[in-house]
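Given the coordinates of chain A, assemble chain B onto it according to the supplied hints.
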Amino acid sequence: MKRAFLGEFEEVVLLTVAVLDESAYGVTVTQEIEQKTGRAVGFSTVHTTLQRLEEKGYLSSKMSGATAERGGRRKRFFSVTAAGRKALVDVKSIREQLWDALPPQTLQLMGG
Amino acid sequence: MKPPRWASTLLDWWGDPNTVEEVQGDLLELYEYWVETGGERKARWRYGLSVVKLLRPWAKLKENESSPFFLNPDMIRNYFKIALRNLVKHKGYSAINIGGLATGMAVAMLIGLWIYDELSFNKYHKNYDRIAQVMQHQTSNGKIYTGTAMPFPLGKELQNRYGHSFKYVVMSSWEGSHFLSLGEKKVTKTGNFMDVDAPRLLSLHMLKGTYDGLKEPNSILLSESTARALLGDRDPLNQLIRIDNKMDAKITGVYEDIPFNAQFRDLTFIAPWALYVTSENWIKRDRDESRWDDNSFQIFAQIADKTDFEAANRHIIHSKLNRVAPEDKKYKAEIFLHPMSDWRLRSNWENGVQTGGLIEYVWLFGFIGLFVLLLACINFMNLSTARSEKRAKEVGIRKAVGSVRSQLISQFFSESLLVVTCAFVLALGLVWLVLPLFNEMAAKRITMVWSSPQFWLIGIGFTLFTGFIAGSYPALYLSSFQPVKVLKGTFRAGRFAALPRKILVVVQFTVSLALIIGTIIVYNQIQYSKNRPIGYDRAGLVMIQMKSPDFYGKFEVLRTDLKRAGAIQELAESSSPLTGVWSNNGGFHWPGKDPNLDTDFATIWVTHDFGKTVGWQFKDGRDFSRDFTSDSSSVVLNEAAVKFMGIKNPVGTIIRWGEGKNREEFKVVGVIKDMLMQSPYEPVKQTVYMLDYDNVNWINLKLNPSRSAAECLTAIEAVFKKHIPSAPFEYEFADVEFGKKFAAEERVGKLATFFAGLAIFISCLGLFGLASFVAEQRTKEIGIRKVLGANVLSLWSLLSKDFVMLVVIAFCIATPTAWYFMNNWLQKYDYRSEIGWWVFAVSGAGALLVTLLTVSFQSIKAALTNPVRSLRSE
Chain A
1 MKRAFLGEFE EVVLLTVAVL DESAYGVTVT QEIEQKTGRA VGFSTVHTTL
51 QRLEEKGYLS SKMSGATAER GGRRKRFFSV TAAGRKALVD VKSIREQLWD
101 ALPPQTLQLM GG
Chain B
1 MKPPRWASTL LDWWGDPNTV EEVQGDLLEL YEYWVETGGE RKARWRYGLS
51 VVKLLRPWAK LKENESSPFF LNPDMIRNYF KIALRNLVKH KGYSAINIGG
101 LATGMAVAML IGLWIYDELS FNKYHKNYDR IAQVMQHQTS NGKIYTGTAM
151 PFPLGKELQN RYGHSFKYVV MSSWEGSHFL SLGEKKVTKT GNFMDVDAPR
201 LLSLHMLKGT YDGLKEPNSI LLSESTARAL LGDRDPLNQL IRIDNKMDAK
251 ITGVYEDIPF NAQFRDLTFI APWALYVTSE NWIKRDRDES RWDDNSFQIF
301 AQIADKTDFE AANRHIIHSK LNRVAPEDKK YKAEIFLHPM SDWRLRSNWE
351 NGVQTGGLIE YVWLFGFIGL FVLLLACINF MNLSTARSEK RAKEVGIRKA
401 VGSVRSQLIS QFFSESLLVV TCAFVLALGL VWLVLPLFNE MAAKRITMVW
451 SSPQFWLIGI GFTLFTGFIA GSYPALYLSS FQPVKVLKGT FRAGRFAALP
501 RKILVVVQFT VSLALIIGTI IVYNQIQYSK NRPIGYDRAG LVMIQMKSPD
551 FYGKFEVLRT DLKRAGAIQE LAESSSPLTG VWSNNGGFHW PGKDPNLDTD
601 FATIWVTHDF GKTVGWQFKD GRDFSRDFTS DSSSVVLNEA AVKFMGIKNP
651 VGTIIRWGEG KNREEFKVVG VIKDMLMQSP YEPVKQTVYM LDYDNVNWIN
701 LKLNPSRSAA ECLTAIEAVF KKHIPSAPFE YEFADVEFGK KFAAEERVGK
751 LATFFAGLAI FISCLGLFGL ASFVAEQRTK EIGIRKVLGA NVLSLWSLLS
801 KDFVMLVVIA FCIATPTAWY FMNNWLQKYD YRSEIGWWVF AVSGAGALLV
851 TLLTVSFQSI KAALTNPVRS LRSE
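Each protein sequence line maps, in turn, to chains A and B.
Mapping the first sequence onto our numbering, position 99 (from 1) lands on 99, and the numbers just tick up by one.
Mapping the second sequence onto our numbering, position 356 (from 1) lands on 356, and the numbers just tick up by one.
No lab work stands behind these hints: they were computed from the structure.
All figures in this text were calculated on a predicted structure; none of them were measured in a lab.
Mixed in with the good hints, there may be bad ones.
Stated by the list, open to error - With beta-carbon atoms standing in for the labels, derived distance ranges:
1. A:E55 x B:G92: 47 to 53 Å
2. A:E55 x B:S480: 53 to 59 Å
3. A:R95 x B:Y33: 31 to 37 Å
4. A:E55 x B:Q777: 33 to 39 Å
5. B:S480 x A:Q35: 28 to 34 Å
6. A:R52 x B:F367: 41 to 47 Å
Said to hold, decoys possible - Calculated lysine-lysine pairs in the DSS-like style (CA-CA distance at most 25 Å, straight line):
7. B:K648 x B:K740
8. B:K53 x A:K36
9. B:K143 x B:K612
10. A:K62 x A:K86
11. B:K612 x A:K62
12. B:K619 x B:K554
13. A:K56 x B:K53
14. B:K685 x A:K36
Virtual Cβ for every residue (Gly too), placed ideally from N, Cα, C.
The following block holds chain A by itself, in its conformation from the complex (with noise of 0.2 Å):
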């Protein structure tokens, strides 16, 4: 199967949903990229990458905990799928086999 692409931003996000866990919806995933990548993130950055993951089948999501803070209004809480978790980890062997490939003197000189 073709493996699907999945963009830096869209790893992020992915990989925050999955660190969250139980409790990632549009705030704490937008507040602990915040926090974790020091970046500032708009909102609707964060929003429309989550549908779009929802879309390609990394992540699904169901709506609940209604709080008098958001006016009574519903969360849409995400939990990454078995496909989103496969994704993560092509990514990340990717990433190590590349490490892996690296001459020993490139990493020295990169401080590694």
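Okay, now just chain B, sitting in the frame of chain A:
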């Protein structure tokens, strides 16, 4: 501490409705977080920015999961599957739908092919759009007459003086039939004598020989079929043949037969103009004396490459007027070019103005074709909408389980497309079957153009178009139903839902009725003209054209021998056939003549027994007689002539003809009732009959009435073979030739009958479907009525009444419309029938009868149903 109102409202209105709930929540939460971390100003800014970025169309739409795209291949397959199942389930409806539509399409296709054939007439010639016939307008007695007959010197004049306008100018004789003989082989073929450039002008396809084949005066070009008829498979080149037993010619070329849909289709040989000129004394005289006053020839021309017809017309308009004798200037001859593209379709002239011609029929049949097709489409729409109430539930359920409107529309369109495609295939078959019959009726040789991509393009485009038109109403109407109403059962089609259906039925019957009325009127006119008194007795009259010199000087022997053989009652010769006038002349004078009157008479030379042969009837005076030797300078006039001359006592009047040394004097000895020799639709022309035994072209025979025609003809043939062995025995019956004058009108009549019949058939088919639908819909009502005591008659009238009303309305619209158009049509005939009220009564009654028959079948069936059955169901 609230986020900006404008942003929230914006999100409310324009956010993606599928995700708006969680997005609003998330943003509220984030807003608080942003206020805590960066202050209110920054938070408001970020909130607004996020909202704007999430608005459609920037943010991606989350797709509606429940409905696939309506043109998804799976959906399309589904549409057709359902459509097919629907067709098979309602076999009756499908048959009516497909059958009716196929008939309509077949008619439209036939008419399309016919129109195509008419429009491509003469296109065989490569220079189609640069060829013209030279014609002239002449004024006489205040009226402008237009004709193709031209004086001899005009051809040279056009070539010499106006040569820059023309590439070729070709003089030509009239198309006539001639004997061609080669050894023992004799055939009669039609052909012309034409100038050297004729093959170039007509861009003939030479199979043998060259375009220069007419250079030698004693040469001839044959068409392929003529060459085959004369020579079989032998090489025709340089063979010697005789034309009319008086001219010798060498075959110098063979050209491909000119196709049937061309003016020159009967041009089966071309002999040189030079040969023609030397063949007859009067033509030689025309040439030698350069006679401008004898219009006896045709001229064809191809205009020069850089000019156009208008410019050429401007140059040549006075080419004749400038050369005629001073006394002939009063005719104001105007020469002009009639382009080849107009020969077929625009060849009627009235008082110097072109008034159309066959093009009217092209339009007429085009409209009829469209109307018949329209009728068929109306059927389809009517039946589909009538069934809509049945299918309303289906639509409701489909919508309830998630169909969107576009899918329903495609569903209905694919159903109509399926029906139309079936109908198209069926129509192709029908056309293929009917084409030979149609060709015979229309006197055409149309073939199916299976291999033409244009035909298929039009055919398929036409199918799609029809499918779209026919399917549009049900598709748009049915798909608009509200599921809640339909499923709850409160859906009622309302009082006006049936209105469009009724209007459509009225349209159908209006068209059908108008066609029927038109057909009756056409036939009435033909019959009326056929019954016109003709002034002589056609029964057993046979005409033989004297095509070669061998016929002449044999009058007495033929007459004696034929009478002795008992084959004939009488025999006479004449200069014109009984069904035409070959010669018209002016220059007559009589006592009391208005000096300004142009005298144009039909002049016919006959032998003594002409009157006895044809049985003309005297009003006054006596017939030519052998007892009076002075009769060689006597004339017989017809009533029209007496009226034209305006004389009180015609018998004994002296008529002077000609001037100077050509001056002759005649005494009127008798006046006959008008003899109808030309068009049966026009008044009989003033005619002078004179005695002459040399200036004759036809032998007229009155068969012996006590023997059968076949017996007589065998005997006659034997006598002719004995005295004129060189010529084939060929004869024509006067009544048959006369009947040919009605060919055009009869053809129109036959075609109109054909189309009117089909229109009525299609309309009835639709009515039948509607009636059966109504009967079915009212099954329960009928059941209850029967239980309560209604009888079959009252039920029948209840069910039929509505339809009869519609037909009556249609009748009221069709009558004045048809009257208007047919009255206009009749105006072009001088001798025309009146449109009687009976025409409308008959067609109205006929339509009513057909309607009742159609509807009754269903309504009586419904009325006879056992109420127990109809009430028990459900």
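Consistency of the hints with the structure:
Under the hint 47 to 53 Å, the C-beta atoms of E55 of chain A and G92 of chain B, about 49 Å apart, fit the expected range. Distance hint check: the CB atoms of E55 of chain A and S480 of chain B are about 33 Å apart, inconsistent with the given range 53 to 59 Å. Between R95 of chain A and Y33 of chain B the CB atoms are about 32 Å apart, so this pair conforms to the stated range of 31 to 37 Å. Checking the proposed 33 to 39 Å range against E55 of chain A and Q777 of chain B shows it is violated: the Cβ atoms sit about 49 Å from each other.
A hinted range of 28 to 34 Å for the beta carbons of S480 of chain B and Q35 of chain A is inconsistent with their spacing of about 54 Å. For the pair R52 of chain A and F367 of chain B, the supplied restraint of 41 to 47 Å is violated, since their beta-carbon distance comes to about 59 Å. This hinted pair does not check out: K648 of chain B and K740 of chain B have alpha carbons roughly 37 Å apart, beyond 25 Å. For the hint linking K53 of chain B to K36 of chain A, the alpha-carbon distance of about 24 Å falls within 25 Å, and the restraint holds.
Annotation: proposed proximity of K143 of chain B to K612 of chain B is violated, straight-line Cα distance about 37 Å (limit 25 Å). Straight-line distance between C-alpha atoms of K62 of chain A and K86 of chain A comes to about 21 Å, which keeps the hinted pair within the 25 Å bound. Annotation: proposed proximity of K612 of chain B to K62 of chain A is violated, straight-line Cα distance about 113 Å (limit 25 Å). About 32 Å separates the Cα atoms of K619 of chain B and K554 of chain B, which puts this hinted pair outside 25 Å; it is violated.
Distance restraint check for K56 of chain A and K53 of chain B: the Cα-Cα separation of roughly 22 Å lies within the 25 Å cut-off, and the hinted pair is therefore satisfied. Simply put, K685 of chain B and K36 of chain A have alpha-carbon atoms about 114 Å apart, too far for the 25 Å limit, and the pair is violated.
Consistency note: the structure conflicts with the earlier hints numbered 2, 4, 5, 6, 7, 9, 11, 12 and 14.
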